[in-house]
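Colleague: Here are the chains, one letter per residue:
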Amino acid sequence: MTTDVAVPPALPPGPPGGGARPRSRFSVPGGTALGVGSAVLYLSLIVLIPLAVVAWRSVDQGPGYFWRAVTTPDAWSALTLTVGASILVALINLVMGTIIAWVLVRDRFPGKAVVDTLIDLPFALPTIVAGLVLLSLYGPESPLGLNLAYSRAGVVLALLFVTLPFVVRTVQPVLLELDKEMEQAAASLGASPFQTFRRIILPNLVPAMLSGTALAFTRSIAEFGSTVLISGNLPFKTQVAAVNIFSQIEGDNTTGAAAISTVLLVVALVALVSLDLLQRWGSRRG
Amino acid sequence: MAIEVRDVNKSFGTTPVLRDVSIDVESGSLTALLGPSGGGKSTLLRVIAGLEQPDTGTVRISGVDATRLAPQRRNVGFVFQHYAAFKHLTVFRNVAFGLEIRKRPKDEIRKRVMELLELVHLEQMADRYPSQLSGGQRQRMALARALAVEPEVLLLDEPFGALDAQVRKELRTWLRRLHDEVHVTTVFVTHDQEEAIEVADTIVVLADGEVEQVGSPAEVYDNPANPFVMRFLGPVTEIGGSLVRPHDIEISTEPVEGGTSATVSRVVRLGFEVRVELQVEGRDAWVQVTRGFADQLALTSGDVVSVRPAPGARSLVLATV
Ligand SMILES: Nc1ncnc2c1ncn2[C@@H]1O[C@H](COP(=O)(O)OP(=O)(O)OP(=O)(O)O)[C@@H](O)[C@H]1O
Ligand SMILES: [Mg+2]
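Chains U and E, in that order, are what the protein sequence lines are. Using UniProt numbering, you'd call the opening residue of the first sequence number 1 and step up by one each time. Using UniProt numbering, you'd call the opening residue of the second sequence number 1 and step up by one each time.
Source of the hints: derived by calculation from the structure; they are not laboratory data. C-beta atoms are modelled at their ideal positions from N, C-alpha and C, and glycine is treated no differently. Careful, some of the hints might be misleading.
What the hints assert, rightly or not - Per the computed footprint, the stretches of chain U lying under chain E, defined by three or more beta-carbons under 8 Å from a beta-carbon of chain E, are:
1. 170-183
2. 188-195
3. 198-209
To be verified - Calculated lysine to aspartate or glutamate pairs in the EDC-like style (CA-CA distance at most 20 Å, straight line):
4. E:K87 with E:E52
5. E:K103 with E:E150
6. E:K87 with U:E181
7. U:K180 with U:D107
8. E:K169 with E:D180
9. E:K87 with U:E183
10. E:K111 with E:E100
11. E:K106 with E:E118
12. U:K180 with E:E52
13. E:K106 with E:D127
14. E:K87 with E:E108
15. E:K87 with U:D179
16. E:K169 with E:E181
17. E:K87 with U:E177
18. E:K111 with E:E181
Okay, chain E solo, but in the shape it has when bound (with noise of 0.2 Å):
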């Protein structure tokens, strides 16, 4: 294991910020750290890279206990969600920074960050300072920065958080090819569930302090360990007192045995995707069907059909309030 934490808790001032959080991150993997905003994974993130003492628990990189060991000593590359760019400092000089305190010989750091500007492709703005960059590439600049001295683990705290949807889009794309090329044991985090799908192989669900559920994209989509993990990983409706996800519900126009009975309320064409509305049960749900499925049917509104989950469906039976 690269990193093992265990039964972590960390408060600020009353407020508990990490309950009882044991996680392992597998050597040479990619995991997301997923959750909502104020769900302390920041925090968590903070208290691997050292940055942040827990109150209770341990944390051990690659094997050593690291629970006291100042950050300086952690091996660990953190990348900040804003950059912390050296402003002062060129391109070249931030990357050299790691190399810089650890005293290597001048041309074996010029060699190094060479290579890693390269690696970002940053190499053409190695002269530049950090307020002459976009921030796609100030926040490459950073990974390389972290990458530069060769850490046991990497730390990338919303790496594209601040980003536009697009460009963190492609970003995250690089970023998995990235790992596939160098290998380093990564966790980063974010709040966005398509990103952890994406890029993870293994997805850390943190909710109000607490680890709600391990495993890889698969396993977190298709067997959520309770409603709030279902609902956080993607689409959900609720038929017949289950939450299910609105691609796994069959439709029909007759009545099926198992069957609910249900009110198109509207139909609305996304393209590919037709999401049908419903009421089932004096309740709005809805279904996602595939266009060609939708024409077949030919629902509109006020048509009384039947769902029921697809055979196979996974869905969730919620505790009746």
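Next comes chain U alone, as it looks inside the complex (with noise of 0.2 Å):
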């Protein structure tokens, strides 16, 4: 299709490059086939079958008994503190690990190449021994007065630890890949640095800040090593889904941990999902 073809003659000639340029696929018909092929195998061995076991698990003795489960008073309570606190967690890292990875690419200060490797501890320290480190400076015995341990507030402060890298790690990048002179036009087209923030760089950095946030909340609801020791395991109270899942199956109630690990599951799957839609909607609007 080529568009600028009529030109009133009034106006300067149609200048050139005037043609669209179609958008380029690849399009390597056998190659593709084989690579979505080994991709669904791979996906279906390493993901989608053990999902699907423990799905089928949950339910083999009737939906009923799967209802009970998960509606037992310790179950119910360990997967509303877990999603509720994960929530809570996303939202925090989201707003803090895209500051953070700003003041990373940003900004000029001493020890930042320091700080900036510190970022990935919580990724490199097994998370029992992050849960114990948290135990020790948030503990009873906390050097800093402040004691966290066995409270809801302690698990908050250990799921933040462990999923702070991954919004910093997914903006970041972007960040620094971010076309200054995108700022600059803005800039000499009147926008306030705010303006600039609000209408140009935020919209770049929201697909990776949701991705990042998405991880983190499925980390979260997950997360068992770290939450383990400060929690205390106080059912109704401090007691989060993966630690009460152990606790049923250590009573060898395989199918109710089957049922609340079902649970979590879909929960992780409609966070990813929406979070995905909105950022699709997003990028449509613009």
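Build the complex from these two chains, which are given one at a time in their own frames, with help from the hints.
Modeller: This is the structure:
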């Protein structure tokens, strides 16, 4: 389709480079089929089949049993605590992670390289070690005089700690790659620094922010090691879903454990899909 | 004067990039900032736009001292070499950006944007994203975006630098016509002397952070201020210790008064023109003649000829090193 052909004579003649560039699309039919095939096979073996087994297990004694297993007071309390704390943690890290990424990319200060390395610490530490560190910092013998052990705040703190890197590490590269001239163009068109941030920078960061948040959330709802020590596992108070599952298995209730696992699975899927939809909707709107 | 730059100095670290630069840009003119790579052209343009602060010196825009004014408040349109398109916005929203910031009514924005898209021939592309445009189309979108806010001056940094030779040739003719239509004071950066001569009314030659010469294309081409400018603006050759344009040299098979003896080393036919390569006093030189004249002389390599600058030819005596 050429669109620049008809040019009114009064205007300067049609400038060149008029034809629309077709959107490039890789088309190697055989290669694609092979690629898709092996990806599906791999995903099935590693992810889908185990998930399907868990889901199947959870209903093998009928939907009524599934429902009862999930709504026992301790299971339900663990589930709501987990989902609630994870939402809170994801939101806090969405904001804080973005700010940290911003500071790491845009600001200069002594010790920046050290801070940059420290961000990965929660990933590098075995989570149980993270739990131990948190317990000694914020436990009954806290040198800071801040005792969060056996409280819901302690659970949230542990989750904040282990999921901090996600948003930072997804936003940081995007921010690094962001075309500075876009911001300068906005400035010379009259946009204030805040307007430039709001209309130019933020929309370009949102996809990365959302995927970092999704990762932080899904990681949170499954977290075990870091919360197990500081929470004290008090049923109805600080026991998270993963720990509840563990204790169900210990009590030989595999079906109940599978049922709770399935709920977590569904929550994670819903979160991933809705953030993805949000992202698509946003990019369509611009 | 639309732009007055006075004694501007700018260094990055210890490297001086602009040295005592002073230029005047007349209202409604189309000025080319011409110079070799690294000469400070972009830096000067960015200083005018307020994207860079000069270390010393002043910038006045439309008579107002703008030296300390933020880029937002200079009312300057800037077109970046690599377009700086807002990737997440459609062509329409890109062009509308400055007007949206100024909180113009929606229907006014729509009308103005569509006018501009028509002007740059992108009216069919309004709903596309920049990634779906060709380089030339993106460049025109950036131009429309800068024009939307009715800037007092339009600054273009190598507007056609990233495009292929054919497209850029066509675009520069188009830019000239567009300027004749819109009349906004325009400064564009280029390192292509042909582009500067063809498009601009005034050429500022900038090299090594210093203004070498300012003048109309004819002045700068015919009366270069120094050997550097002469070399930069067109072909030159050296005869008898002077720098001369190769088309300003007379060549004859008979010895002539004031002529220098030379030996033909090669005759190259380039369509209408013929390039006669010579050895003059042990140095390489060349002369450009028409095909008809070359046929008349019937030169072949080894011939001894006499060469001298044509009457009225501009030549520069080179300082002997
Ligand atoms: N932000 C910067 N920091 C340090 N040095 C810089 C910066 N911007 C430009 N320079 C230096 O200043 C000099 C002039 O750069 P400038 O971009 O103005 O040149 P130019 O004439 O536009 O060259 P070109 O034709 O290659 O674009 C160069 O030596 C460049 O390395
Ligand atoms: Mg440049």
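Colleague: For every hint, state whether the structure bears it out.
Modeller: So, going through the hints one by one against the coordinates:
Given a C-beta distance limit of less than 8 Å, the hint that chain E covers the segment 170-183 of chain U holds, as 3 residues qualify and 3 suffice. Interface restraint, the segment 188-195 of chain U with chain E: holds (6 residues with C-beta to C-beta distance below 8 Å; minimum three). For the segment 198-209 of chain U, the stated coverage by chain E holds: 4 residues have a C-beta nearer than 8 Å to a C-beta of that chain, and at least 3 were required. Proposed proximity of E:K87 and E:E52 is contradicted: the alpha carbons are some 24 Å apart, above 20 Å.
Distance check on the hinted pair: E:K103 and E:E150 sit about 15 Å apart at the alpha-carbon level, within 20 Å; holds. Of the supplied pair hints, the one linking E:K87 and U:E181 holds, its CA atoms being roughly 12 Å apart against a limit of 20 Å. Proposed proximity of U:K180 and U:D107 is supported: the alpha carbons are some 14 Å apart, at most 20 Å. For the proposed pair E:K169 and E:D180, the alpha carbon gap of about 17 Å is at most 20 Å, so the pair holds.
This hinted pair checks out: E:K87 and U:E183 have alpha carbons roughly 12 Å apart, not beyond 20 Å. Restraint check for E:K111 and E:E100: the C-alpha separation of about 13 Å stays at or below 20 Å, so the hint holds. Straight-line distance between C-alpha atoms of E:K106 and E:E118 comes to about 18 Å, which keeps the hinted pair within the 20 Å bound. For the proposed pair U:K180 and E:E52, the alpha carbon gap of about 13 Å is at most 20 Å, so the pair holds.
Restraint check for E:K106 and E:D127: satisfied, since their Cα atoms lie roughly 16 Å apart, inside the 20 Å limit. About 24 Å separates the Cα atoms of E:K87 and E:E108, which puts this hinted pair outside 20 Å; it is violated. In summary, the hint linking E:K87 to U:D179 is supported, as the alpha carbons are separated by about 10 Å, within the 20 Å threshold. The straight-line distance between the Cα atoms of E:K169 and E:E181 is roughly 19 Å, inside the 20 Å bound, and the hint therefore holds.
For the proposed pair E:K87 and U:E177, the alpha carbon gap of about 13 Å is at most 20 Å, so the pair holds. For a cut-off of 20 Å, the pair hint linking E:K111 to E:E181 stands: about 19 Å separates their Cα positions.
Violation of the numbered hints given earlier is confined to hints 4, 14; the remaining hints are satisfied by the structure.
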